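Undergrad: Single-letter residue listing:
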Amino acid sequence: MSVAVTTLDIPAAPAIDRSAALCVHCGAPIPGDAAGAFCCGGCASAYAFVRELGLQRYYDARSLDPRERRPRPPEDPADDASAYTVSGTDGTTSLSLLVDGLHCAACVWLIEQVLARDPAVISARVNLTSRRLALHWTGGSEIAPRLIQAVQRVGYRTVPFDAAQQGGASDEERALLRAVAVAGFATANVMLLSVSVWAGFPGEMGPATRDLMHWVSALIALPSIAYAGQPFFQSAFISLRAWRTNMNVPISIGVALAAAMSLWETARSGEHAYFESVVMLLFFLLLGRYLDRRARGRVRSAAEHLVRFAQVPATLLAADGSTRRMPSASLKPGDTVLIATGERIPADGQVTVGFSSLDRSLVDGETMPAPVGPGSDVLAGMLNLSAPLRMLVTTVGERTYLAEVVRLMEAAERGRGRLVALSDRVARRYAPAVHLLALATFLGWALAGPWQVAVLNAVAVLIITCPCALGLAVPVVQVVASNRLFRRGILLKSATALERLAEVDTVVFDKTGTLTLGRPELRGDYAVDAGDLELASGLAARSHHPLSRALRRAAPQAAALEDVQEYAGRGLSRAVAGGEVRLGSRQWCGITDAESDGHADAELWLVAPGRAPAHFRFHDALRPDAAAVVARLRVLGKRIMVLSGDRPAAVRAVAESLDISDWHAGVSSAEKFRALEHLADGGAKVLMVGDGLNDGPALAAARISMSPSTAVDVCQTAADIVFQRASLRPVLDALDVARRSGLLIRENIGFAILYNAAAVPLAMAGLVTPLLAAAAMSCSSILVVANSLRLGRAR
Amino acid sequence: MSGLLFLIPIALAMGLAGLLVFLWALRSGQYDDLDGAAGRVLFDDPPAGPVGPVNPSQQTRSTPS
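Protein chains in written order, with my numbering: chain F, 54 to 848; chain W, 513 to 577.
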């Protein structure tokens with residue numbers, strides 16, 4: 054949550070302030086043709102509803118977060134939540150919803166208050182961290198739509214989910230926090246006793262008192278170690294059983310041996326009891342692990358959130374004419390599905406009724422919309438642009454294009470092999486070295502004197518080398534780095550993403566939707582008559598076709614014209630005095646004699662009585678900072694490639710404007726996957742950036758992959774990193790943070806090794822006392838953490 | 513030194529009490545939404561529901577204002 058509070062100054066009756074021209078409800082700029090203080094009818098109705106409930110304090114208290122979706126009421130109806138409701142035994146029902154567009158605590162307050170005013174609601178609680186709404190009401194599941202609509206009406210999108218399935222991660226986090234608490238309690242209390250021993254013995258304190266202190270310490274420490282050490286012991290056991298070692302093996306051995314030896318020393322009334330070192334070690338390590346888990350859990354739930362909202366629900370038309378919203382995964386062949394304008398096709402099939410045009414860019418990278426009519430085959434993932442369609446589902450599940458892409462992705466995941474985290478690679482060499490040193494110490498001392506002294510010194514070596522600094526070095530850097538990226542809207546989904554990102558030498562981009570915005574824009578490089586543009590924009594105001602939208606963006610101030618007819622795949626027309634105004638394709642406007650210059654751009658023509666025909670050309674505009682990002686990547690010495698499914702002419706235009714010589718057009722998803730494999734065989738470490746269905750296998754095959762949050766859900770699932778901005782800058786940010794955190798991790802490991810090089814000879818010489826061990830351990834841990842925190846502060 | 517015989521148990525009991533309070537707070541869900549809890553205090557309306565996971569046995573009816 055941001056600290057800065059942007060207070061919107063709202064008068065009791067919304068006055069029209071054209072200078073600010075921001076919607077009173079959602080804060081979006083008000084388009085030219087909208088009347089009043091609102092950007093759309095939904096916002097006006099939301100504002101009225103909030104005032105009617107007496108909750109207008111919301112507008113004073115909220116602070117809009119620019120990264121979040123604006124609280125504009127969604128146009129599409131809510132999904133059917135009946136499959137997710139849980140009925141209680143006492144006639145009550147509960148439901149869990151993911152909420153999209155939560156900005157701050159005021160949003161939480163508004164939603165809870167709106168729901169609390171419904172007489173059926175027993176409790177409604179929004180969790181701002183996990184963005185979930187837990188609803189509980191008296192009555193059956195038939196009330197759910199009413200409650201969901203109330204939330205949607207004030208501007209939030211919701212998706213139901215199964216709460217029982219999602220419980221695992223947070224339970225684990227809680228168990229870890231409990232272990233941290235127990236270890237912290239033990240550390241504080243054992244340290245209290247140990248400090249008094251260090252201060253008082255040998256001196257006023259007699260051996261009997263010291264033994265009492267040791268026994269009390271053992272009483273606190275041993276149960277705490279048995280409880281709080283479990284996360285390490287379990288992981289070490291699993292790893293050893295598979296004949297591998299990881300970081301937890303040396304930790305577990307060190308902890309167990311030190312505890313056992315301290316107990317033995319206490320029993321024979323010796324002075325070498327290391328209880329405080331052991332519990333402190335556990336406390337520091339658990340703290341690092343808890344922070345790591347928490348940061349990752351937050352990122353994972355954010356990523357899950359994005360994927361859920363990217364999933365397509367389908368509108369099923371039943372035999373009796375009724376409609377039902379359902380997940381597209383539960384469609385069957387032979388089902389009839391309605392696809393409204395602006396919706397994605399939920400499954401592969403055939404159009405039965407309606408003419409429209411489809412945006413195929415997410416399926417094959419092609420930017421030009423394709424016209425479809427009855428009998429046309431359509432693939433899941435295409436976007437319906439101009440008119441409602443009815444389609445028959447022909448294939449679902451295994452045989453769809455989507456399923457084929459998913460199969461390729463799974464194959465790619467297997468080919469990637471098991472990546473070993475850096476800390477585990479270090480542990481693999483570190484653990485045997487330490488254990489050999491301890492053995493050497495034991496043998497050396499055993500030859501010289503009694504075996505008890507030899508054991509004592511060998512265990513001292515293990516304690517002093519216990520990889521506290523190593524165990525903290527990697528997780529703390531990871532936490533700081535992932536938080537830093539999270540604040541910039543970059544979600545690291547994989548634990549080893551940073552390490553892999555740091556070694557990237559080749560960057561492969563998809564074109565449509567990645568380098569470009571994935572939507573046509575009016576070209577600005579040739580003259581257009583302002584009157585023509587205004588007329589065309591007015592005609593196009595009500596159309597969802599991407600070219601119409603582009604005209605609106607080019608001239609948003611034009612007043613929308615009424616009585617415009619839309620003919621799918623051809624164009625728009627409006628009757629005027631003296632004939633007809635037409636906006637659309639060359640054929641639709643009857644242009645036959647105009648020059649055909651063979652350009653690759655999409656075009657629209659405008660004809661009107663008494664005017665010369667006007668011509669609009671569109672192109673898929675680059676992301677605003679694409680050129681700067683590509684130039685910077687080149688300076689960093691990365692090889693840059695473009696792999697696109699679009700036509701060669703379009704790809705060449707983009708590649709040349711970015712000065713990229715290595716481009717390939719018309720590449721299918723399988724070919725992209727093979728190209729990535731070929732690069733990997735050649736030793737290249739590839740970062741793949743893509744958003745389309747056809748990029749899925751390539752994303753999975755690359756060493757590391759990124760996807761914008763506008764990508765289809767399978768891509769977001771496959772990508773290691775998801776970024777949320779309209780710019781490409783996150784690619785640079787992520788590379789930069791990865792490089793610097795890689796450096797910090799190496800520094801930390803180097804420091805830990807240096808510390809050991811100094812401390813181990815002391816331990817081998819038998820000079821380490823419990824006081825020295827505790828001081829060395831806490832100092833090295835604090836140094837490593839302080840060094841890691843530099844990453845969060847820099848710039 | 514005989515003071516230790518009751519000072520140590522007192523110190524331990526106090527530490528243990530703190531630990532138990534923390535574990536109780538954790539169990540009752542007070543650490544589930546740290547971001548939301550920080551902002552909730554700014555709104556003085558009656559709470560819309562009990563703190564903690566939705567569990568029908570713990571529900572109390574909220575007062576519509």
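These are computed hints drawn from the structure, not numbers from a lab. In this text, all values refer to a predicted model and were calculated from it rather than measured experimentally. Be aware that one or more of the hints could be misleading.
Stated by the list, open to error - Quick look at which bits of chain W chain F covers, simulated, 3 or more residues with Cβ under 8 Å: (1) 518–531; (2) 536–550.
Claimed, not checked - If we take Cβ atoms under 7 Å as the criterion, some of the chain F residues that face chain W in the derived model are: (3) Val161; (4) Asn180; (5) Phe238.
As the list claims (entries may be wrong) - Derived DEER-like restraints, expressed as beta-carbon distance ranges: (6) W:Leu532 to F:Gly253: 38 to 44 Å; (7) W:Leu528 to F:Gln109: 48 to 54 Å; (8) F:Phe254 to W:Ala529: 28 to 34 Å; (9) W:Leu528 to F:Trp296: 37 to 43 Å; (10) F:Arg705 to W:Tyr543: 26 to 32 Å; (11) F:Thr549 to W:Leu528: 37 to 43 Å; (12) W:Leu528 to F:Thr191: 40 to 46 Å; (13) F:Pro172 to W:Tyr543: 29 to 35 Å; (14) W:Leu528 to F:Leu807: 37 to 43 Å.
Virtual Cβ for every residue (Gly too), placed ideally from N, Cα, C.
Undergrad: Which of the stated hints cannot be reconciled with the structure, identified by number in ascending sequence?
TA: 6 and 10
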